[in-house]
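Visitor: Each chain is listed here by its residues.
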Amino acid sequence: MPHAFGIRRIVLDVLKPHTPRLTDLAMMVATDESVLGVNISLKEVDQSTESIAITIEGDDLRFDVIKEILEQAGAVIHSIDQVVAGKRFVEEVALQPENT
Amino acid sequence: MPHAFGIRRIVLDVLKPHTPRLTDLAMMVATDESVLGVNISLKEVDQSTESIAITIEGDDLRFDVIKEILEQAGAVIHSIDQVVAGKRFVEEVALQPENT
Amino acid sequence: MPHAFGIRRIVLDVLKPHTPRLTDLAMMVATDESVLGVNISLKEVDQSTESIAITIEGDDLRFDVIKEILEQAGAVIHSIDQVVAGKRFVEEVALQPENT
Amino acid sequence: MPHAFGIRRIVLDVLKPHTPRLTDLAMMVATDESVLGVNISLKEVDQSTESIAITIEGDDLRFDVIKEILEQAGAVIHSIDQVVAGKRFVEEVALQPENT
Amino acid sequence: MPHAFGIRRIVLDVLKPHTPRLTDLAMMVATDESVLGVNISLKEVDQSTESIAITIEGDDLRFDVIKEILEQAGAVIHSIDQVVAGKRFVEEVALQPENT
Amino acid sequence: MPHAFGIRRIVLDVLKPHTPRLTDLAMMVATDESVLGVNISLKEVDQSTESIAITIEGDDLRFDVIKEILEQAGAVIHSIDQVVAGKRFVEEVALQPENT
Amino acid sequence: MPHAFGIRRIVLDVLKPHTPRLTDLAMMVATDESVLGVNISLKEVDQSTESIAITIEGDDLRFDVIKEILEQAGAVIHSIDQVVAGKRFVEEVALQPENT
Chain A
7 MPHAFGIRRI VLDVLKPHTP RLTDLAMMVA TDESVLGVNI SLKEVDQSTE SIAITIEGDD
67 LRFDVIKEIL EQAGAVIHSI DQVVAGKRFV EEVALQPENT
Chain B
7 MPHAFGIRRI VLDVLKPHTP RLTDLAMMVA TDESVLGVNI SLKEVDQSTE SIAITIEGDD
67 LRFDVIKEIL EQAGAVIHSI DQVVAGKRFV EEVALQPENT
Chain C
7 MPHAFGIRRI VLDVLKPHTP RLTDLAMMVA TDESVLGVNI SLKEVDQSTE SIAITIEGDD
67 LRFDVIKEIL EQAGAVIHSI DQVVAGKRFV EEVALQPENT
Chain D
7 MPHAFGIRRI VLDVLKPHTP RLTDLAMMVA TDESVLGVNI SLKEVDQSTE SIAITIEGDD
67 LRFDVIKEIL EQAGAVIHSI DQVVAGKRFV EEVALQPENT
Chain E
7 MPHAFGIRRI VLDVLKPHTP RLTDLAMMVA TDESVLGVNI SLKEVDQSTE SIAITIEGDD
67 LRFDVIKEIL EQAGAVIHSI DQVVAGKRFV EEVALQPENT
Chain F
7 MPHAFGIRRI VLDVLKPHTP RLTDLAMMVA TDESVLGVNI SLKEVDQSTE SIAITIEGDD
67 LRFDVIKEIL EQAGAVIHSI DQVVAGKRFV EEVALQPENT
Chain G
7 MPHAFGIRRI VLDVLKPHTP RLTDLAMMVA TDESVLGVNI SLKEVDQSTE SIAITIEGDD
67 LRFDVIKEIL EQAGAVIHSI DQVVAGKRFV EEVALQPENT
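Residue numbers (this note's numbering), protein chains in the order written: chain A, 7 to 106; chain B, 7 to 106; chain C, 7 to 106; chain D, 7 to 106; chain E, 7 to 106; chain F, 7 to 106; chain G, 7 to 106.
You may find that some hints are simply not true.
What the hints assert, rightly or not - Heads up, simulated DMTMM-like pairs for lysine to aspartate or glutamate below, C-alpha to C-alpha not over 25 Å straight-line:
| hint | chain 1 | residue 1 | chain 2 | residue 2 |
| --- | --- | --- | --- | --- |
| 1 | A | Lys49 | A | Asp30 |
| 2 | G | Lys93 | G | Asp65 |
| 3 | D | Lys93 | E | Asp70 |
| 4 | A | Lys73 | A | Glu56 |
| 5 | E | Lys93 | F | Glu39 |
| 6 | B | Lys93 | C | Glu39 |
| 7 | A | Lys73 | G | Glu97 |
| 8 | B | Lys73 | B | Glu98 |
| 9 | F | Lys93 | F | Glu39 |
| 10 | G | Lys93 | A | Glu39 |
| 11 | G | Lys49 | E | Glu97 |
| 12 | G | Lys93 | A | Asp66 |
| 13 | D | Lys49 | D | Asp30 |
| 14 | C | Lys22 | B | Asp70 |
| 15 | B | Lys49 | C | Glu56 |
| 16 | B | Lys73 | A | Asp87 |
| 17 | G | Lys22 | G | Glu74 |
| 18 | F | Lys93 | F | Asp38 |
| 19 | F | Lys49 | F | Asp70 |
| 20 | F | Lys93 | G | Glu77 |
| 21 | E | Lys73 | E | Asp52 |
| 22 | A | Lys49 | G | Glu97 |
I should point out that these hints are in silico values taken from the structure, not numbers from a laboratory.
Bound conformation, chain A alone (with noise of 0.2 Å):
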């Protein structure tokens, strides 16, 4: 399968230990080559875990090279919540609730 058009966005929502924190997470992530920008938003913190969303995008992502980077770092994807892809970058519709 010929992959015209990349993988331009990821949104993971993500279960780490305290250590590594934030800003370094978010720099081992930034250095894989395909990701031009990352956004890591803090959601949840427990005693020895924390729970995040991390935003990825880039013009041809690799997730594979993504989620290797985020185990080395003792994180676990809990499920991607969206994914954009193609040469046009589409945002999800907000659709109206019905007219009551």
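Based on these hints, arrange chains B, C, D, E, F and G on the given structure of chain A.
Guide: Just chains B, C, D, E, F and G now, kept in the frame of chain A:
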């Protein structure tokens, strides 16, 4: 019926098994040359299935080809939630609630 | 009455059988040459019918032609929810709630 | 009183019989040459009447002419909900709720 | 005190009798040459009075002149709800609620 | 400490007597030459006092001068609610609520 | 690990004593030459402490320097709430709630 203007956006409510994962499914959909871009967002995760919203944009989308790609991936279309067609890209209008 | 300025947008609340599906109905509406673009959004699904919102834009829309296309597809117009007419495209104003 | 700057927008809360329908009423309002554009949105439907919001924009709107057009269509103005006048088009300011 | 920079916007909470109607009151306010534009929005209607929000913009608004125009129309200013002054037009900042 | 970059915005929660009114207080604050623009919004009115939010913008605001102007007007600063400083104007980030 | 792309934004949840006040703390943070701009917003005030959100932007922010500046001011970092890194500035994506 001459199709002077084609389908520009399709939003689908889809049920899929956990495999293939979102990154792979997005690339499969993007391989159809009528697809300019695709956004897949996770909505709900169950034991053996997950519910996703797929937003596809192009200039003349071929629904049957897209449907076949999804079915070959083991996914089932629950409903078509939005379609945009024609020369001008028309968004749904948010009607204001009644002033009380 | 000379129609110096035409109808620019019509929003319709429509009830339709499951067939034709949204992609086909959108293409049917788009074949009327007064229609520049159309958005159809699914609102509710029942056993044999579905409720949809149709937003149609053009420079001089012909309501009767659109109505006939919908009726030939087995769809019934419940109500006209919004109409825009004239040289300047006017959106509905969101009135601020009273300051308490 | 010299009217250096005219009325630019009028928002009306109107009660009308089911006939004429919104597309026809919009065209009637648009025939007044002071009207550059009009938006009519349905708010509530009762057995023999319907409640609508009419937003009219122009450079020097003539309220009395608009009122007459509506009355000839059997519609009654319940209230004038917003008026904009003058050289600069001023929108209503959304005051922030008090910080608690 | 030299007024290097003048008042740019005044938002008023006003109580008025039903007459004059909003279109006439807006034109009265707009006749003051310091007023570049005015927006009047209806907030509440009582038996003999109505509550309105008046937003006035200009480069060097004269509050006392505006107040006199309103009083001559039988309107009473309940409160001044917002004032913007100075060379740069500053909007109120929406402070984010505390992250919990 | 060399102040390479100055204060660009200060948001204040202030309690003041009814006099001076908002238009006069805004002009008093605007007379400080470090102030490029000011927005004063009314939050709450009590019998002898009113609570206001003051947003001041400039390139190198002098807090002590602003504080003195407010105190000479009989106003008391309850809290400094937001400060922006530096070459780049940074807005507060709205953190997304946790996806459930 | 070569830091090809640096930290672009850090959002911090911080507890501080009432002194230094926000204007002074913002200037202290801005003196670090890696900081292009800073926004400090007050979240909660207690008897001897206050909770603040600090948003810092730059091209290659040095977290340890910023942390030291805050600690010298008597402030304690509760959590790092968001980090952006890389060539492209990536904002957190607002995932749409599930369509019901």
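Visitor: Now look at each hint and say whether the structure bears it out.
Guide: Results of checking the hints against the structure:
1. For the hint pairing A/Lys49 with A/Asp30, the CA-to-CA distance comes to about 17 Å; that is within 25 Å, so the pair holds.
2. Our distance criterion of 25 Å between C-alpha atoms is met by G/Lys93 and G/Asp65, whose separation comes to about 9 Å.
3. Among the hinted pairs, D/Lys93 with E/Asp70 is consistent with the structure: their alpha-carbon atoms are about 21 Å apart, no more than 25 Å.
4. For the proposed pair A/Lys73 and A/Glu56, the alpha carbon gap of about 17 Å is at most 25 Å, so the pair holds.
5. For the suggested pair E/Lys93 and F/Glu39, the alpha carbons sit about 11 Å apart, so the restraint of at most 25 Å is met.
6. Restraint check for B/Lys93 and C/Glu39: satisfied, since their Cα atoms lie roughly 11 Å apart, inside the 25 Å limit.
7. Between A/Lys73 and G/Glu97 the CA atoms are separated by roughly 20 Å; this keeps the pair inside 25 Å, and the hint holds.
8. Distance restraint check for B/Lys73 and B/Glu98: the Cα-Cα separation of roughly 24 Å lies within the 25 Å cut-off, and the hinted pair is therefore satisfied.
9. Proximity of F/Lys93 to F/Glu39 is assessed by CA-CA distance (about 19 Å); at most 25 Å being required, the pair is judged to hold.
10. Restraint check for G/Lys93 and A/Glu39: satisfied, since their Cα atoms lie roughly 11 Å apart, inside the 25 Å limit.
11. Proposed proximity of G/Lys49 and E/Glu97 is supported: the alpha carbons are some 21 Å apart, at most 25 Å.
12. Our distance criterion of 25 Å between C-alpha atoms is met by G/Lys93 and A/Asp66, whose separation comes to about 15 Å.
13. Between the alpha carbons of D/Lys49 and D/Asp30 the distance comes to roughly 17 Å, so the proposed pair stays at or under 25 Å and holds.
14. With a C-alpha separation of about 21 Å, the suggested pair C/Lys22 and B/Asp70 falls inside the 25 Å cut-off, and the hint holds.
15. Between B/Lys49 and C/Glu56 the CA atoms are separated by roughly 22 Å; this keeps the pair inside 25 Å, and the hint holds.
16. A distance of roughly 22 Å separates the Cα atoms of B/Lys73 and A/Asp87; the hinted pair therefore holds under the 25 Å criterion.
17. For the hint pairing G/Lys22 with G/Glu74, the CA-to-CA distance comes to about 14 Å; that is within 25 Å, so the pair holds.
18. This hinted pair checks out: F/Lys93 and F/Asp38 have alpha carbons roughly 21 Å apart, not beyond 25 Å.
19. Restraint check for F/Lys49 and F/Asp70: satisfied, since their Cα atoms lie roughly 24 Å apart, inside the 25 Å limit.
20. For the hint linking F/Lys93 to G/Glu77, the alpha-carbon distance of about 23 Å falls within 25 Å, and the restraint holds.
21. A distance of roughly 22 Å separates the Cα atoms of E/Lys73 and E/Asp52; the hinted pair therefore holds under the 25 Å criterion.
22. A distance of roughly 15 Å separates the Cα atoms of A/Lys49 and G/Glu97; the hinted pair therefore holds under the 25 Å criterion.
The structure agrees with every numbered hint stated previously.
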